[in-house]
Amino acid sequence: MAEVTVTDIVKNFGKVEVLKKVSVRIEDGELLVILGPSGCGKSTLLRIIAGLETATSGDVHIGERLVNDLEPAERDIAMVFQNYALYPHMSVRQNMAYGLKNLGTPKPIIEQRVAEAAKILGLADLLDRKPRQLSGGQRQRVAMGRAIVREPKAFLFDEPLSNLDAKLRVQMRHEIRELQNRLKTTGIFVTHDQVEAMTLGDRLMVLNAGVVEQIGAPFEVYSRPASLFVAEFIGSPAMNLLDGDIDQDGRKVAFGGTHLPLGQPLTNHAGRRVRVGLRPEHLGEAVAGSTATADPTPGALDVLIEWIELLGADTVAHGRLQDGQVVTVRLPGDHLVQTGDRLAVVLAPANLHLFDPQTGTRLEHTA
Amino acid sequence: MVENRPLFMVFVHLTLILGVLIVALPIYVTFVASTQAPGDVLRAPIPMTMGDQLAHNYSAVLGTGLERASSGPVAPMMLNSFIMAMGIAIGKIAISLLSAFAIVYFRFPGRMLAFWTIFITLMLPVEVRILPTYEVMAQLKLLNTYTGLILPLIASATATFLFRQFFMTVPDELVEAARVDGAGPMKFFWDILLPLSRTNIAALFVILFIYGWNQYLWPLLITTDESMYTIVMAIQRMVVAAENEPEWHFITAVAVLALIPPVLVVVFMQRLFVKGLVDTEK
Numbered sequence: 003m004a005e006v007t008v009t010d011i012v013k014n015f016g017k018v019e020v021l022k023k024v025s026v027r028i029e030d031g032e033l034l035v036i037l038g039p040s041g042c043g044k045s046t047l048l049r050i051i052a053g054l055e056t057a058t059s060g061d062v063h064i065g066e067r068l069v070n071d072l073e074p075a076e077r078d079i080a081m082v083f084q085n086y087a088l089y090p091h092m093s094v095r096q097n098m099a100y101g102l103k104n105l106g107t108p109k110p111i112i113e114q115r116v117a118e119a120a121k122i123l124g125l126a127d128l129l130d131r132k133p134r135q136l137s138g139g140q141r142q143r144v145a146m147g148r149a150i151v152r153e154p155k156a157f158l159f160d161e162p163l164s165n166l167d168a169k170l171r172v173q174m175r176h177e178i179r180e181l182q183n184r185l186k187t188t189g190i191f192v193t194h195d196q197v198e199a200m201t202l203g204d205r206l207m208v209l210n211a212g213v214v215e216q217i218g219a220p221f222e223v224y225s226r227p228a229s230l231f232v233a234e235f236i237g238s239p240a241m242n243l244l245d246g247d248i249d250q251d252g253r254k255v256a257f258g259g260t261h262l263p264l265g266q267p268l269t270n271h272a273g274r275r276v277r278v279g280l281r282p283e284h285l286g287e288a289v290a291g292s293t294a295t296a297d298p299t300p301g302a303l304d305v306l307i308e309w310i311e312l313l314g315a316d317t318v319a320h321g322r323l324q325d326g327q328v329v330t331v332r333l334p335g336d337h338l339v340q341t342g343d344r345l346a347v348v349l350a351p352a353n354l355h356l357f358d359p360q361t362g363t364r365l366e367h368t369a
Numbered sequence: 002m003v004e005n006r007p008l009f010m011v012f013v014h015l016t017l018i019l020g021v022l023i024v025a026l027p028i029y030v031t032f033v034a035s036t037q038a039p040g041d042v043l044r045a046p047i048p049m050t051m052g053d054q055l056a057h058n059y060s061a062v063l064g065t066g067l068e069r070a071s072s073g074p075v076a077p078m079m080l081n082s083f084i085m086a087m088g089i090a091i092g093k094i095a096i097s098l099l100s101a102f103a104i105v106y107f108r109f110p111g112r113m114l115a116f117w118t119i120f121i122t123l124m125l126p127v128e129v130r131i132l133p134t135y136e137v138m139a140q141l142k143l144l145n146t147y148t149g150l151i152l153p154l155i156a157s158a159t160a161t162f163l164f165r166q167f168f169m170t171v172p173d174e175l176v177e178a179a180r181v182d183g184a185g186p187m188k189f190f191w192d193i194l195l196p197l198s199r200t201n202i203a204a205l206f207v208i209l210f211i212y213g214w215n216q217y218l219w220p221l222l223i224t225t226d227e228s229m230y231t232i233v234m235a236i237q238r239m240v241v242a243a244e245n246e247p248e249w250h251f252i253t254a255v256a257v258l259a260l261i262p263p264v265l266v267v268v269f270m271q272r273l274f275v276k277g278l279v280d281t282e283k
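Chain order of the listed sequences is A and B.
The numbering used here numbers the first residue of the first sequence as 3 and each following residue consecutively.
The numbering used here numbers the first residue of the second sequence as 2 and each following residue consecutively.
Rather than coming from a laboratory, the hints here were simulated on the basis of the structure.
Each hint should be verified, as a subset may be incorrect.
To be verified - Among the chain A residues that face chain B by a calculated CB cut under 8 Å, a handful are:
1) Pro74
2) Met81
3) Tyr89
4) Pro90
Claimed, not checked - Here are the simulated DSS-like cross-link-like pairs (lysine-lysine), alpha carbons at most 27 Å apart as the crow flies:
5) A:Lys186 to A:Lys109
6) A:Lys109 to A:Lys132
7) A:Lys155 to A:Lys109
8) A:Lys132 to B:Lys276
9) A:Lys121 to A:Lys109
10) A:Lys155 to A:Lys186
11) B:Lys188 to A:Lys132
12) A:Lys109 to B:Lys188
13) A:Lys121 to A:Lys103
14) A:Lys103 to A:Lys132
15) A:Lys132 to A:Lys169
16) B:Lys188 to A:Lys103
17) B:Lys188 to B:Lys276
18) A:Lys155 to B:Lys188
19) A:Lys155 to A:Lys121
Using N, Cα and C, we set each Cβ at its ideal position, and we do this for glycine too.
Isolated chain B (complex conformation) (with noise of 0.2 Å):
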């Protein structure tokens, strides 16, 4: 729908700047307070504007830690995160890309079997299951460890059923001539439906990174040294700080910190991440 009518786009502009400002504000109002002194953010009314203690703030919490939060520095944290969001992303790529191909391509007893068991799992949330899960992890001495964060986090239905519907739109006959031109199973998901599925994977890859990222309940519970500790699991550490005041220049510093990966993952993939979501290239 094409409309001219100028009125009609000073609406529409409204709307959407209200809509901007309504989700950006409280990101701003995070922000600005990251740049304040001590105390200065609990001061009435709440500071608008920025504060000038914007590289003091971010270098403490990023280098030295805080001694009052009795937190650690924020960089190895974010980088402890980072590695998981990537392996979780990664791995649930791998995995579902694996089990949707056996699916759709092979025909072995329990297939559908296979397929329904998996479908199923997308019933049972995380928080259902996480102490068996704990269980297991801890009989198999994975916690404290990058395996441990990533391992069970690594199943993923939902991203199995959507590469199996895709493949389902891959036409016979692709691979049909694969066959004829002697590319055996796994050289046509290497050489055919991989390129293919190469969008697919980008809007899988952002929402799946986000996903890792942002895990709060599975980190808590399976580390306990504090040199694996995620940045989201840190934030919460520093608000219910023991006896102290909780000290909102540092915890709103590291929450922007907290931000800017997988804003960054947006960024750069958002072609790609958009293509994936629009058109399947076929």
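Excised from the complex, chain A in its bound form (with noise of 0.2 Å):
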């Protein structure tokens, strides 16, 4: 066990540069995961961490080792890959020993450790199994159980369960999620899906083409979106972005034909142009006559639906406001609306989000 840090990491692949001075620092025991879209280089950082591939500049230390110019096999790391990668004419068995095999580990020591992980992973019965004769589940496990075995210093994990059907995927987080708390070996976790991101990890870590848009708890990064780009890829229904004006004393935005009040003045940002970030699950419908002043309900968005999602539970509605800004709401399931309707939407101040539209960056208060 060891903390994993990571400091200035560039790679280029010829002129491409994926990464650009990637720096974060894995807490011992802790699990990160690192979330981007496809091509991110979220993989990347991963295999240089596990020394698959060299960095063109920077450090990685495991523990208070620099591991830089080490071999995988010598950075006491595991990892987990998303086609398993198991060796098809091993069993089982030999699948999960064979790191410790070649570490010269003595006999009765891997017996007695692949034993310990098959009961963990519950592949007690399956040891003599080729790969080839077990489930998608199964195989993961195995592929778990063979990075058990070696009681490394951290696991990493290359979007192993983007292969599974999605029941099997939620039954096989769980079990991540538990076996990392119990065995309490650093984690890293690389995935393009928001879910497995959320439920997973201690901390997350955005990551958008090369640069590193914010590490956080996962609530956190929900909550409190340090950008733009966190902004839109966190979070389903995606966040609507609307363009928007703050008001000459900083303490109400105006846009999409409303002004809106601000959780905390914006004094230093007043009288910019905005983009303003409201999400759909945050936008509920105006319960009408619960304000003195009834028809229009002051500070309402006034939406007209133009199509509708009926996904049971929810109700995702489309529309458009005043202006003709594109919004999307998600209301109750059992909520009847249809297309045409118009609908007084309103949400509270303090999950309003204000990012400047030319860096991306949130705005928050400064003093």
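With the hints as a guide, dock the two chains, each given alone in a separate frame, to form the complex.
Okay, here's the thing in structure tokens:
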């Protein structure tokens, strides 16, 4: 067990810069999820930590040790691959034992560790099977077992759940989380699935085009996205992003034909053009008559519904504001609306997100 | 396509039986001829039933040799052929496995040049380069040796190419998993690549064994010592044996004997052979 420190990693493939000075420190026993769209460099970063790829510049420390020039096997890490990468001609037992055997571990210890891992993962009855005789979930477990028996300083997961069907994925997600909790081994988990990212990690790192957009606890990333990219990427349906203006005293933001008070005055950004972020799930229908002045509810957004998706649990309504900007609203499933309806929606000022339209960074009150 | 019409089945079987007859008839005639007494073979009509000289003819060619055809016993020649065929098959497989391994898994300067050089030799049949090869072997004093029989035929562009293609279908993640598991290049080769290539190796072995067994021109050139003759050479030598009329009952017996080992190899390795041609078991 150890912390993993990545410092100023740069990786170029030819002229393409895949990682641009990425730094992160993964605490001992923590599970960090690296999330990003395909091609953002997340797998490359993981492979650099594993030693399967060499960085153009920058350092990787595992524990106190600088591992830049070490072979993967010498780094004391274990990796779980997307396609499991089990050795097809070896039994489950041999697959799990292979790494230890190469390290010259004495046989009784190998047998004991394989037996333990098999027990933890429920593979005890399958030890003599070949990988092709196993189901997807079982193969996934064998790949995990192969990592566990090594008792490494860190687990590296490269999208290990993306080949499983949806139901199994939920189950394996839970199993990985439990296992990591129990073993208290530092882990790095790469995924493009935000649900995995939200549920699995102690912390989340959002990577976009080789740049770290945000590192933080999953809920923090969801509730206070640091940039436009994170705001759009996390959450489903995606956050509405609208053009708006902060008024002259920095206390209200005008957009879509209405004014909304800010949760926190932004005097230092008064009078600016901004991107306003509203999560569809934070928008709710204004309860008519709850406010004395009746129609139209003050501060409410007037949405003309253009099409709806009935998902059962939720109803997602897509429509336009008075000024023509597109907006998505997530309503409870029993809320019946129809195309052509007008809907007055409101949201709590705390759920407003404001971003700089040029740099994409989150606008906060700075004293 | 599954067809269940009885007439169609009859037609299919007739076609197949006809095919088998066409292929098998010459072999049958050869075998019958090898059981005849001297002279009977050439009498018209060609005998189509077994003669009574089976044991005599075969023991003669195998053990005592034929004086009139100035040919020694065939048994040691079969051994020579066997050693040569095994040497060629095993040598070719070993060399091409290693060269394909080098070409696919290592990034070294001139890698593609090496590959194309090997590949280009596919276009040159043995016969084209046979004289320079002979010269090299003569200079190395390898005439009339097993090494001389085997070595020049070992390099194989076809097998190298085949293994290269197979190695390229082995997922990269498997290589990486092995690296994480602490397997160095040769360990990866032995523990993972070789077992995965098992069926391909078997299929190639069958093909290469037959290729080696049937070598004719090269052994003819390089061996002058009767103790190094191969059986395929022997057949030819007996046909053109000095002044005498060819002894067809003996020649056909030798031909039948020459047929047996390749057939056995095919029979015993058939299961793996077919598997190697059909799937790649990944």
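A quick look at each hint next to the structure:
no., hint, verdict
1, Pro74, "holds (5 Å)"
2, Met81, "holds (5 Å)"
3, Tyr89, "holds (6 Å)"
4, Pro90, "holds (6 Å)"
5, A:Lys186 to A:Lys109, "holds (26 Å)"
6, A:Lys109 to A:Lys132, "holds (21 Å)"
7, A:Lys155 to A:Lys109, "holds (22 Å)"
8, A:Lys132 to B:Lys276, "holds (18 Å)"
9, A:Lys121 to A:Lys109, "holds (18 Å)"
10, A:Lys155 to A:Lys186, "holds (10 Å)"
11, B:Lys188 to A:Lys132, "holds (21 Å)"
12, A:Lys109 to B:Lys188, "holds (19 Å)"
13, A:Lys121 to A:Lys103, "holds (20 Å)"
14, A:Lys103 to A:Lys132, "holds (18 Å)"
15, A:Lys132 to A:Lys169, "holds (24 Å)"
16, B:Lys188 to A:Lys103, "holds (12 Å)"
17, B:Lys188 to B:Lys276, "holds (26 Å)"
18, A:Lys155 to B:Lys188, "holds (24 Å)"
19, A:Lys155 to A:Lys121, "holds (21 Å)"
Checked against the numbered hints given earlier, this structure breaks none of them.
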